[in-house]
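J.: With the hints as your guide, set chains W and X onto chain G.
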Amino acid sequence: MMEKKIMDETFTVPIGPQHPALKEPSHFRITVDGEIVTNAVVRLGYAHRGIEKAVEGRNWIQNLYMLERICGICSHIHATAYCLGVEQLAGVEVPPRAQAIRVLTAELERIHSHFLWVGVAAHEAGFDTLFMYIWRDRETVMDLLETLSGNRVNYSVNILGGVKFDINEEQADAIRKGLDYLEERTNHYLDVVSNDAMFLQRTSGIGVMTRNQAEVLGTVGPTARASNVARDVRVEAPYGAYFDYPANIVLEERGDLTARFVVRIKELFESYRLIRLILDTLPSGDLETRMPRRIKEGETVCRVEAPRGELFYFIKSNGTDMPERIKIRTPTICNMTSVVKLVIGHQLADVPMILVGIDPCFSCNDRMVILDRSDGYKQQWTWEALRQHGIDYYHEQHS
Amino acid sequence: MNTQEALKIASLLVEEWVWTTETERPEPNRLDVKLTKLDDFIPIVVGLRVQRLGYLSAITGLDLGPEVGELEVLYHFCTAAAVVTLRLRVPRDNPSVPSLCSIIPSAEPFERELREMFGVDVDKHPNPIHIYLPDDWPVDTYPLRKDFEQGTVSTAVRRGVKHDGKENNG
Amino acid sequence: MGSTTIMNNIPNLVALLIFPAGLFLLLCGLFYEWADRKLLAQLQNRIGPRWFQPLADIIKLLAKEEVIPDGVNPTLFIGLPIIALAGGLTAALYVPIVGLLPSYGLPGDLIITIYLLSLLTLCLGLAGSNTLDRFSLVGATRTLTQLFSYEAPFMLALLGPAFVARSWQISVITTFTNNRWLILSQPLGFLVAVIALMGKLELPPFDAPEAETEIVAGALTEYSGRGLALFRLGKGVALVIGLTLIASFYLGGVTNPFLFFVKTLTLLLVVVALQALLTRLRIDQTVGLWWRYGTLLVLAQWLVTIVWHGVAT
Chain G
0 MMEKKIMDET FTVPIGPQHP ALKEPSHFRI TVDGEIVTNA VVRLGYAHRG
50 IEKAVEGRNW IQNLYMLERI CGICSHIHAT AYCLGVEQLA GVEVPPRAQA
100 IRVLTAELER IHSHFLWVGV AAHEAGFDTL FMYIWRDRET VMDLLETLSG
150 NRVNYSVNIL GGVKFDINEE QADAIRKGLD YLEERTNHYL DVVSNDAMFL
200 QRTSGIGVMT RNQAEVLGTV GPTARASNVA RDVRVEAPYG AYFDYPANIV
250 LEERGDLTAR FVVRIKELFE SYRLIRLILD TLPSGDLETR MPRRIKEGET
300 VCRVEAPRGE LFYFIKSNGT DMPERIKIRT PTICNMTSVV KLVIGHQLAD
350 VPMILVGIDP CFSCNDRMVI LDRSDGYKQQ WTWEALRQHG IDYYHEQHS
Chain W
0 MNTQEALKIA SLLVEEWVWT TETERPEPNR LDVKLTKLDD FIPIVVGLRV
50 QRLGYLSAIT GLDLGPEVGE LEVLYHFCTA AAVVTLRLRV PRDNPSVPSL
100 CSIIPSAEPF ERELREMFGV DVDKHPNPIH IYLPDDWPVD TYPLRKDFEQ
150 GTVSTAVRRG VKHDGKENNG
Chain X
0 MGSTTIMNNI PNLVALLIFP AGLFLLLCGL FYEWADRKLL AQLQNRIGPR
50 WFQPLADIIK LLAKEEVIPD GVNPTLFIGL PIIALAGGLT AALYVPIVGL
100 LPSYGLPGDL IITIYLLSLL TLCLGLAGSN TLDRFSLVGA TRTLTQLFSY
150 EAPFMLALLG PAFVARSWQI SVITTFTNNR WLILSQPLGF LVAVIALMGK
200 LELPPFDAPE AETEIVAGAL TEYSGRGLAL FRLGKGVALV IGLTLIASFY
250 LGGVTNPFLF FVKTLTLLLV VVALQALLTR LRIDQTVGLW WRYGTLLVLA
300 QWLVTIVWHG VAT
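Chains G, W and X, in that order, give the protein sequences. Under numbering that gives the first Met the number 0, the residues of the first sequence are numbered 0 to 398, in order. Under numbering that gives the first Met the number 0, the residues of the second sequence are numbered 0 to 169, in order. Under numbering that gives the first Met the number 0, the residues of the third sequence are numbered 0 to 312, in order.
To be clear, the hints were calculated from the coordinates, so they are not data collected in a lab. All of these numbers come straight from a predicted model, not from anything done at the bench. Please note that a few of the clues may not be correct.
[Unchecked claim] Cβ-to-Cβ under 8 Å is the rule here; a few derived chain X residues that face chain G: (1) Leu42; (2) Gln43; (3) Asn44; (4) Ala207; (5) Thr278.
Note that beta-carbon positions come from the ideal geometry of N, C-alpha and C, so glycine has one too.
Chain G on its own, in the form it takes in the complex (with noise of 0.2 Å):
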């Protein structure tokens, strides 16, 4: 790559695998002209853990849990959606209580996540003090979501059939008590990005992208609604509790940076008035349905809206406790097209922002199959010799 010095009018900006603005890995190929970007591709894969074959070889329950780790973020959709997938497959009908506890974690969760990609966005258009205050906020509902679960990511919220914990009227409280505190905050917050000359000025109109090239290029979510396209899964194609907490769609028309910062805060106050709801009419009764341990023969496809748009499951049973295939397709990849779209002819600097203004998740997108190059045997390591590899290393750490 630096062998020689390039001479040409044009070059090559590598960024990422490793990469300051990047916190997962990635890697794109930024052609610019100066300071134009005239090509852009994309090359995925750098977090790779075989997730799709791995669930093959295991069974049903186990790999709830391996599918909760897909992402840290978004982990307690990726769950809900196997369930979902799952429980429809059996035949099974979860308790409402049950599906509104869902509902609530994953409300949670889109505020979590929503709050985390306001602060990076920010701090990629070098305005450090909203991040810094943004994240300070977050904190609030990362310590809601420990009260009720015990842990910060990874909920752990959903077993096949239900869900693990209950909800008393003191937790329901805090979180009422978090939630007033976190929508004055969001208030502010909404007029900084939309009032803040700065701020507006590294934003607004930059990466525009009109309705129709966002239907063509197939976004979902978030990137999809700052463009005006009605696309909300929770609305279209309600699932779980929200046929009975119905959620609104929150639209902006302008397609730039500045729309999309706009969406992603006001979908927080649609959050927080579903929680409200839900906290105030939680449907009494059971927690859990027995499951069976073989699921059904059988084929369905499961789509549930994740924080960033559209997560889809294709499950497919051969009637034995373990799954014939399970297929994932992670709203990032959805939206990685429109990146390498938008940035042509937009400035390097502002490469970073359209790129995080999807809410790109590395870890989502890559889940296939294990590679190892730095272990000493030029030998791929399966599942067992790395989990044998981790016993042996904390072993020895304290012998």
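T.: Chains W and X only, in chain G's frame:
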């Protein structure tokens, strides 16, 4: 467009037209279309697109196993809650499907994934390179096929295949 | 003869190596760097570094191996940080550091000081273009682009006080500005000077040349160890000198150490607040800002000053 309308339009399109298909309704919101002729595939996708049902949600590859000797490729088109699935069957030893990129640009990453995971050749794909797997992944090794065993690809073998033992630093 | 030369030069050597330039100024630069980071952290709801953190960073960097990448001119690679720091330290000799009279003075030393300060940025740009790394090259381009945009307004803003003092010698100007708060008569000049100083030091929102989310560390991406330490020291020194110049010209002079620290630290607080409040500008926005507003503002200030003096005399 609501779910029922979408399903109605889609079933009119695929059932009452010149192509030969078998349709099924496995779930109330799903329409499964088995295509018996590969030639019908592109026209049907164009038809769905014209009817504004062309949001390609995902492409799923299925390996039916060495015994059956076939791969199945599923194209999921979603509109509201409706999921229209086009199913193509291709032979396992020489699988090939036409590319959708000219009709639906967002199909590009999905098709790249299908290509490297199942070895389905995507005809006329604009950018037929790896997306998830490393560039020096051995040829004819497709991880999501049923006969792929985890742990069978060693780094040394991979390096030897394309680069004569030289490591690819590009 | 030899011994008398040495004896006569001892005060000069002390001035060069220990006080006010040299060691003292380096430590002072580190202290101001710490104050900047700590105040910024407080404004951003963080804790911030401990008081010795900048010093510890420098010691660590000095002790580390300096990697000289392939394809660079090693002489330039090693020499540029030294020139940058030397430029800053030399500039300090003409500036009333800690409220003392400048160690040296000659007519027109204001111009010399401004150019010695620019040497740092110039060296940064050259250091970036010297390497083959793409981030460095983009960073160097941006550093030099930024240099050309803020330099003229900065110079004009500092020449405003020189004009009313009728001298281009810093010691004369400081004597004149003592207890004369030029910020009141030349507010636009003061504003431009402060913001141009932020541009000079590549502080947010003018940190596009080293925007980590785009080009890692900009021109300094390939620097490690001693070179990086020297550049950082140079920036600290430039910060102190810049603050001193502006405080002594616009804020009623710095005639004793107490006034010096109070005024420069107050000025630093303003700089930090601006850093916390503003979003990073793209390089084209920075250039636009300086040529469209900065230069015009300072020229307007000049016009007002000249007319005022014409009327008064």
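J.: For the restraint on Gln43(X), tell me whether the closest CB of chain G is nearer than 8 Å.
T.: holds (4 Å)
J.: Does the interface hint hold: is Leu42(X) within less than 8 Å of chain G, judged Cβ to Cβ?
T.: Constraint on Leu42(X) satisfied, holds at 7 Å.
J.: Given Ala207(X) as an interface hint, is its Cβ closer than 8 Å to any Cβ of chain G?
T.: holds (7 Å)
J.: Against chain G, run the beta carbon of Asn44(X) and see if the smallest gap drops under 8 Å.
T.: holds (5 Å)
J.: Please check whether Thr278(X) passes as an interface residue: C-beta within 8 Å of a C-beta belonging to chain G.
T.: holds (4 Å)
Comparing the model with each earlier hint shows no violations; every hint is respected.
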